Amino acid sequence: MGKIKERLIVLYDKRELLEQLVRRDIRLKYRRSVLGYFWSIMNPLLIMIVLTAVFSNMFRYDIANFPIYLLIGRAMFDFLNEATHTGMWSIIGNAALIKKIYVPRYIFTLACVTSATVNFVFSLGAVVIVMIFTKTTPTWYLLLLPLTIVQLYVFCIGLAFFLAAATVFFRDVQYIYNALITAWMYLSALFYPAKMLPPNIYWLVSHFNPLFIYVEQARSFVLYGSMPEPHYLWIGILSAIISLVVGVETFRRTQDSFILYI
Amino acid sequence: MNDKIMIELKDATVRFNLATEKIDNLKEYFVKLAKRELLFQEFFALDNVSLTVKKGESWGIIGRNGSGKSTLLKLICGILKPYRGTVKTYGSIAPLIEIQAGFDGRLTARENIFLNGAILGHSREFMRGHFDEIINFAEIGNFIDVPIKNFSSGMSARLGFAIATVVNPEILVIDEVLSVGDITFQKNCVRRIKDMLENDTTLLYVSHSCNTVRWLCKNAIWLDKGKIVMAGDSDDVCTAYEKSVSS
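Chains as they are written, first to last, in my numbering: chain S, 1 to 262; chain D, 1 to 247.
No lab work stands behind these hints: they were computed from the structure. The structure displayed is predicted, hence computed values, not measured ones. Check the hints yourself; a few may be wrong.
EDC-like mimics (lysine to aspartate or glutamate), calculated; alpha carbons at most 20 Å apart, straight line [stated by the list, open to error]:
1) 99(S) x 104(D)
2) 99(S) x 24(D)
3) 149(D) x 25(S)
4) 29(S) x 104(D)
5) 99(S) x 145(D)
6) 81(D) x 25(S)
7) 29(S) x 145(D)
8) 14(S) x 176(D)
Just chain S, with the same shape it has in the complex (with noise of 0.2 Å):
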């Protein structure tokens, strides 16, 4: 408990670098874009009227509101996506860095998640405007939202830092993981009703897939306006904190050894 203690202390110090970090991947990110931030909220906003336009009118399923179902689920994933891809690449793209100057490594992939979530967040807006075009009545329930997004975030944290230890001793992980990306989407019913799943299917995907649990969790507090499935929430933390810790301890016993790799 006192080690955990001590590296939260190291990092409440170097929360400065992290800032500086966040704000040096939010500054790049958009600089010589006319639209700028504004595309974090167009983006999501302009693939979900094309998936709507898709699946309404293609394939009838029945679901209620389907534009606030897509883009929750949508927003969730491209910030999963975002976060762990760019956090795969956060020691080796500052191999420059480290192999100079002492910094904390997990300060590189700190600092892209972090930064990921701040277009989730910006994302949000998306969802706030589609809410009010589509005349969904947000409840109280809203607010325990954050709730569904520091769980997110955790996972996300312990897996970027898995595929960024990962990827600086084997580089085929970022095809691996690819892969696997895409696998994750398509079985996370994003934009088709869970229901349609084979059953035995929906049960191993509702009860082992953290990204669908949290993504119904959201849907729960932003549209139907009710608590989720109580183990939807005992996974879903349950699959962060394990996250987290098999993530930072791959990455703590291996630093060592990046700057030889990279």
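Dock chain D against chain S, hints included.
Using the frame of chain S, we list chain D on its own:
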């Protein structure tokens, strides 16, 4: 000068594994594992190096290329961990190992000052307070909001040096960076280093120029193939080194 120990190395050894340089994907790894070709070609960049540096001392580090000078600096800065032995430092370290390392070329000078300051552990208020001092020393007054990738090498070298020395670090570690930059820059740098030395800063200075080492540093250590050949008064060590190189 007092007797406080700032840097202490005891039998420090840094070992690299040359064989695994080529394996960076899973297929290669498993193939080599199966063929039992995960060889270990040991390379000792530093071998049983022991050194004690006290507060206010100035040490030059000289040696042929590949003798382990940069590795020694990286060990002291905490970038590398020793395979054997111990490395202890007591005090804030400002490393100048390739000054432009902390810069992100896409950002402007102003943004880089804060980023670099944060990397070195300074708060934003601190950097704001010293902002003008940095700009003046680096003489980049008109270029504050220009992306650093558009700077000349001399300008970015000046800026890097200015940022790293803006606070009086207790230990200053310099790795052959003064060779970049014109005469005025080198004069300004040396002047600042001398000022810092008068304020009891401890200095580690890697160089190929024996003359600068003689002038700037009281002591010197001569490394060859990772081992210390000689350590002591900078004049003596430099003369011995020059003799061995010219013979």
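Exercise. Can you give the numbers of the hints that this structure goes against, from lowest to highest?
Worked result: Structure breaks hints 5, 6, 8.
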